[in-house]
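Here the protein sequences come in this chain order: X and V.
The first sequence begins at 1 in the numbering used here and counts up one residue at a time.
The second sequence begins at 1001 in the numbering used here and counts up one residue at a time.
Honestly, the hints are just simulated from the structure, not real lab data.
Keep in mind that a hint or two might mislead.
Just the calculated beta-carbon pair ranges, DEER-fashion [stated by the list, open to error]: (1) V:Asn1136 with X:Asp68: 29 to 35 Å; (2) V:His1063 with X:Ser275: 47 to 53 Å; (3) X:Gln16 with V:Arg1051: 33 to 39 Å.
DSSO-like, lysine-lysine: derived pairs with alpha carbons at most 27 Å apart [unchecked claim]: (4) V:Lys1018 with X:Lys117; (5) X:Lys157 with X:Lys2; (6) V:Lys1018 with X:Lys15.
Glycine included, every Cβ here is placed at the ideal spot set by N, Cα and C.
There are 2 protein chains.
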Amino acid sequence: MKSYCWMNGKIIPAKQTKVSVYDIGLLRGLGVFEVVIAYGKHPFLLKEHLRRLRASAHYLGLHVPVSDKQIYITILKLLSKLREPQALVRIVLTGGEAIHGIDFNPCQPTFFIVVEKVFKIPAQNYEQGAKLITFNYRRENPCIKHLNYREAARLQKAKNKAGAIEILYVSGGSVYEGATSNFFILKGNRLITPKDGVLIGVTRGLILKLARGKFKIEERLLKFSELKSADESFITLTTKEIVPVVKINNLKIGKGIIGPRTKYLMNKFKQYARSG
Amino acid sequence: MKSYCWMNGKIIPAKQTKVSVYDIGLLRGLGVFEVVIAYGKHPFLLKEHLRRLRASAHYLGLHVPVSDKQIYITILKLLSKLREPQALVRIVLTGGEAIHGIDFNPCQPTFFIVVEKVFKIPAQNYEQGAKLITFNYRRENPCIKHLNYREAARLQKAKNKAGAIEILYVSGGSVYEGATSNFFILKGNRLITPKDGVLIGVTRGLILKLARGKFKIEERLLKFSELKSADESFITLTTKEIVPVVKINNLKIGKGIIGPRTKYLMNKFKQYARSG
């Protein structure tokens, strides 16, 4: 797969870009990241992603070593080499080489940007709706976009085996978030999504903005038992936008088909994204 | 610092050994590790470490790609190049290069072994006792030796600033474990250490073995309030063995000096380790 990486001022094929075996992002998970989607030459909602990257970095005692403008220019350079209508842009920042195995020097971070073609899930997920499976888990520190997605990665095989598109984390009778997505339900005109204990997704933010006025928005604790009376459901994530959900484990959501309100938001999102 | 790394059948200076920017250990924390100490040419308690490595790997759907015997032989080769009286041996296994950013092929893992000189903490910690600081946190899945030590790494600066040797995780009124160690207290002849919600350390196991018969062992939930009536305290970890603890935050433990029972265990440990 074609992919390019910017690191230390140079752009080379990503497959040839390496980090030290001492990198504290690898050895200890001390790092943060963002995934941005680019439509053509336009990195979508970059400002919002970089704001979150800097906030996540700050929590770990890290600093993004280049300006937003430099990141933007670098991404444009990478995109012009890749030449894809849609590209995934991954920005990674770690504490650099570990000191005594566990400490780090924030002035010598590892920072790189990779671009590659977006991996597309089968179109039927958007046309007929997707399935989720639940897992009893709640991420620690989900507000920070740190590198610990161990359980998400570990559960991919179970997810694929179940014919599901995403894992939904449930804990103590409440629904939190997808392994790499935010979760929404619709009950009539009420759009409900968890707020606490989840990563506040950039796509989530846009959806709420697009929904304002049209729907009654409820950002709150969502009980798992409420799913039974949901009319519609969907997940949002940068690389897959809005994915309509019609089944969670063996539970059919609403009528088991993509509902009109989800379709409305999918169209609204497309219009917004394509208009740049 | 002199250090060597074995990866893909070759031994080269660790500083020159790299992993892909796509490694799922880096991007998603999907990996496990062990740290073993070698006294001379003898990797100490290697069997116990490798047993735990295989158990941790199994949980993540990974397999250690080489036999225990091959690992032993490889470590001996690395040690003969390093030539240090005490060496730290770090064994790392990840899911290899990420597939679509989050999945992995367990048949193509990343596996490497690094050896380097052991970093020694100041001798006064062993002679006069060390200080710990507490942090309100409980690790997720601590029984598995996965790569997520983000909070431990993040807190190193606060630890150093406080003149402490380790961070003690406390949650819901209970004491769990050090950021990279197990925690013990002594009340008279009772040796008390948490059992649930902690990583079951290899050194911890040996200490309990050495203490059997001499002390009454209590592996159980340990309330923070119990620290006030503790006579002695210590932490155990592979690279630092037993470190006597005389202060936790501003709380003096017992008389604030290293107690006779801790000294007894420190001597017992030394005898056992040096006898091979």
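Looking at the structure, which of the earlier hints fail to hold?
-> none
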